[in-house]
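Chains as they are written, first to last, in full-length UniProt numbering: chain A, 1 to 514; chain B, 1 to 514.
Every clue listed holds true.
Each pair may be met inside one copy or between any two copies, as identical chains are not told apart.
Only pairs whose alpha carbons sit at most 25 Å apart, straight line, appear in this in silico SDA-like list of lysine to any residue:
#	residue 1	residue 2
1	336	128
2	156	105
3	266	467
4	120	262
5	124	346
6	467	233
7	342	297
8	266	136
9	189	177
Since the hints were derived computationally from the structure, they do not count as laboratory data.
2 protein chains.
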Amino acid sequence: MSDETKDLSRRGFIGAGGAALLGGMVFGALPLEGKDAAGPAAGALPKKWDETYDVVVVGTGFAGLAAAIEARLKGASVLVIEKMPVYGGNSIINGGDFAAAGNSFQKEAGVQDSPELMLKDMLKAGSNLNHPALARLVAERSNEALEWCRTYIGAKFTRLNFHGGHSVKRSVQTYNQSGSGLVNPLLDKATSLGVKVVLRTKMTRLVTGKEGRIVGLEVRTGYKWPDEASGTPSFIKARRAVVLAAGGFSQNVALRQIHDPRLTPKFESTNHPGATGEAILAACSAGAMDVQMDWIQLGPWTSPDEPGFGHGPQVCERIVGYGLMVDPANGKRFFKETGNRKERADAIIALGHPVIIVGDSYAIGKQVVPKVLGKAMEVGVVKKFSTLEALAAEYGVPVQPFLDQVARWNGFVEKNKDADFDCKLFPDSKPTVTAPFYAMRLWPRVHHTMGGLVVNAEAQVIGFDMKPVKGLYAAGEITGGVHGAVRLGSVAMSDCVVNGRIAGMNAGGEKAWS
Amino acid sequence: MSDETKDLSRRGFIGAGGAALLGGMVFGALPLEGKDAAGPAAGALPKKWDETYDVVVVGTGFAGLAAAIEARLKGASVLVIEKMPVYGGNSIINGGDFAAAGNSFQKEAGVQDSPELMLKDMLKAGSNLNHPALARLVAERSNEALEWCRTYIGAKFTRLNFHGGHSVKRSVQTYNQSGSGLVNPLLDKATSLGVKVVLRTKMTRLVTGKEGRIVGLEVRTGYKWPDEASGTPSFIKARRAVVLAAGGFSQNVALRQIHDPRLTPKFESTNHPGATGEAILAACSAGAMDVQMDWIQLGPWTSPDEPGFGHGPQVCERIVGYGLMVDPANGKRFFKETGNRKERADAIIALGHPVIIVGDSYAIGKQVVPKVLGKAMEVGVVKKFSTLEALAAEYGVPVQPFLDQVARWNGFVEKNKDADFDCKLFPDSKPTVTAPFYAMRLWPRVHHTMGGLVVNAEAQVIGFDMKPVKGLYAAGEITGGVHGAVRLGSVAMSDCVVNGRIAGMNAGGEKAWS
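Modelling step: build the complete structure from the supplied sequences, incorporating the hints.
Here it is as structure tokens:
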């Protein structure tokens with residue numbers, strides 16, 4: 001692959017119409033549709049297998065590539081398939097932060113941490129819906145996984161960051177502040193070990209053999225996303241096991257709405273457009289059990305005025321607690337600005353329309369890196385105003401109620417106590433009085449699907465018969481249970497590498513069925 | 001059946017060890033276990049069918065019997081199977097309250113109501129996770145369903161009740177304050193129409209035919225709950241359709257813990273012991289999609305000092321807001337006493353041990369019917385004390401902190417404003433000062449599973465391919481989506497009768513496949 005492809009960062013790449021478009025397209029052409037579709041009972045063996053590998057991995061993100069490497073190191077022949085025309089899935093557009101308890105950056109900075117503390121943070125964020133053994137596994141092996149990425153894979157990590165919900169600074173970031181800083185070295189390592197990686201190859205069905213064992217999969221090679229009729233059907237035998245690492249379903253509107261009916265096409269997603277979850281459905285059709293699919297995380301920091309993840313979140317998240325968030329319909333605050341992701345997103349959704357966040361020059365100057373602000377203003381997501389009246393006019397906010405609300409907020413800031421919503425105010429928060437003023441519209445986007453396939457601590461997929469589905473492993477966002485109700489920022493990388501490696505080792509170590 | 005059997009009310013019948021016991025037993029012998037088990041792909045047709053009906057209904061609660069009657073009225077031959085040695089499931093131990101918007105009792109009492117208001121209440125309780133079309137269906141047809149029960153089925157309803165979370169008095173109760181007041185007339189009607197009902201017959205598997213159509217089921221006849229090896233395998237052909245109305249999984253500890261890991265064997269259930277959900281799993285193994293299985297409702301009003309639903313809840317629920325709830329470990333309050341079911345249960349679970357609720361003679365005398373109090377004291381769940389010190393000694397509460405807390409609470413009551421937890425205090429609440437004092441220990445029990453099979457408004461079960469599973473219908477607690485995050489009290493009956501009837505009509509109206 002070219003360096004250009006390798007360095008591709010898709011943050012901001014996703015068009016605004018993506019989610020709505022997919023809702024219709026994907027469900028017009030699901031894996032099991034067509035006259036030959038006959039439900040899971042019909043998953044008969046093909047007349048012949050077109051290709052044979054020991055282990056077949058579905059997905060080219062952190063989890064899939066980590067699994068492929070470990071399976072290969074067990075002596076297995078390994079194929080990795082990717083339905084999109086580019087590899088890396090959401091991993092390659094991720095911010096490159098890896099939570100690792102007790103990592104060397106923490107030690108250098110004098111930060112006290114432990115797997116127990118990370119576990120505690122994960123369980124608190126997850127409302128204790130996390131499968132405890134899975135959460136513990138990620139916390140306990142997070143630093144080992146980080147070190148594996150650094151020393152064996154050769155990924156460069158350069159700084160220690162803080163993420164909301166963590167008790168301490170725990171997240172180590174790639175040199176290029178992007179998941180590509182890990183995806184690319186993983187891909188290099190995998191291919192250097194002899195793993196075969198093919199793009200535009202979509203799994204349409206798992207093939208079940210005797211006693212419910214997964215023996216391979218049906219794919220479409222030369223698949224041109226999102227044309228479900230494209231490509232050529234083909235059967236790939238997996239002699240040892242299949243590993244599913246195909247990500248979540250944030251971009252699948254119809255499936256989202258089954259699990260959380262509020263998440264209509266009004267909600268776009270920060271995810272890459274292929275995050276549509278057909279692999280989860282295909283696995284369930286083959287007997288795998290799903291769990292906690294209704295815990296779908298929205299980012300409250302995205303703006304309808306730019307596509308994808310965008311540049312606004314880095315402004316919004318820095319000024320919460322320094323500026324105020326108001327409902328443009330009445331000019332009033334409606335929730336504490338420093339509430340967590342879920343609380344704020346729920347509050348905005350309940351209003352039913354975008355809200356605005358406002359900061360003055362003091363807040364912006366103190367909290368936002370000039371380059372970030374410049375970019376956000378350049379794309380037009382953050383706007384600057386010489387007066388609060390002009391700001392109100394721009395967003396159609398009733399002027400006097402808005403000015404009254406700012407005055408009320410300023411009173412709270414002076415007393416360092418929000419009497420209305422108990423927003424956390426920082427010691428250096430100041431009243432919003434210094435022109436120019438900045439504002440940005442906010443409307444949540446779907447960011448992560450916590451639910452997915454049930455797995456055990458060996459990364460085996462559990463079926464509706466409550467037993468492992470033979471020959472089937474899974475890791476990463478396609479699984480459920482690690483994060484419970486809410487995934488903390490930067491734990492996705494830890495989860496994917498820890499469990500991807502386990503899945504790969506166990507899949508590679510399976511006894512061949514033929 | 002004998003009148004004795006018919007009048008059986010199983011409220012309070014379930015032994016304390018039931019849940020823990022079931023956890024082990026049920027999952028030692030799941031439907032798909034054994035050397036012939038081969039996952040859903042193996043669901044081949046039997047060599048011969050032992051019996052044939054047009055429609056086979058699984059479950060003898062409100063939903064199953066309503067479905068059987070409507071299917072029979074469509075001209076279908078109908079078999080209803082029940083795995084337990086008694087019919088009625090949870091329906092027969094339910095309190096007999098039926099929420100119906102705009103019912104005649106409301107009109108007589110001058111209560112203004114509408115389906116829109118009932119829908120609003122359901123969506124609010126359900127945190128808008130309800131499938132809107134399903135919730136609307138129940139609200140809009142609730143009164144029609146009630147009238148059908150009264151006029152066509154002949155069930156007697158005699159009083160109008162209020163239930164928490166409803167905007168108005170909306171719940172009409174059976175003459176005997178038990179679900180048996182509806183189950184028995186439904187059963188009489190069904191058998192008089194020629195529906196066959198058999199007990200001790202457990203579905204172990206759905207049988208899938210061509211193109212994924214459900215064509216019948218495998219059962220064990222003469223099944224002796226909970227011995228999974230008991231009974232004789234048998235195949236029943238369903239020429240038109242199968243209707244699943246087998247209830248939820250509150251008593252299935254292993255399955256509960258997959259979806260909400262907090263719900264260990266420490267939590268018993270108010271449900272009948274057979275509420276173990278194998279029918280949900282069997283349906284999913286046959287391609288049906290499940291939804292919102294992690295929304296499991298606990299009643300915060302049950303006591304570890306009596307089994308099942310018990311007598312305590314009727315004391316507890318009447319004195320919240322009049323008396324205080326404390327953590328015996330430190331004598332302090334920990335949550336608002338008038339929080340909703342979920343909030344209170346979550347708060348008690350977070351403490352990790354039973355709490356106590358305390359009321360004085362004023363609160364008890366004003367709020368609790370003497371007969372109810374007498375029964376609760378007779379079984380020992382509510383205890384009486386001449387002093388607060390004696391009460392503290394009984395439950396091992398540190399005395400002085402407890403007395404301080406009661407004094408603090410009394411101060412809030414006097415000001416009619418709880419400064420600690422914002423508990424709703426009623427205009428006639430009075431300080432807890434009048435001996436004798438009463439107390440009861442509280443520990444939540446699993447009460448209802450909101451999640452289940454995905455259905456559409458025609459009661460068709462939806463598969464993982466997002467399309468209806470041909471020949472398969474479902475209604476009642478086995479389904480998910482109607483109630484969203486929280487089911488309101490008394491809407492279970494409305495849901496079961498409305499959707500049971502729809503399932504029966506549509507199943508009975510299917511074209512026979514053979």
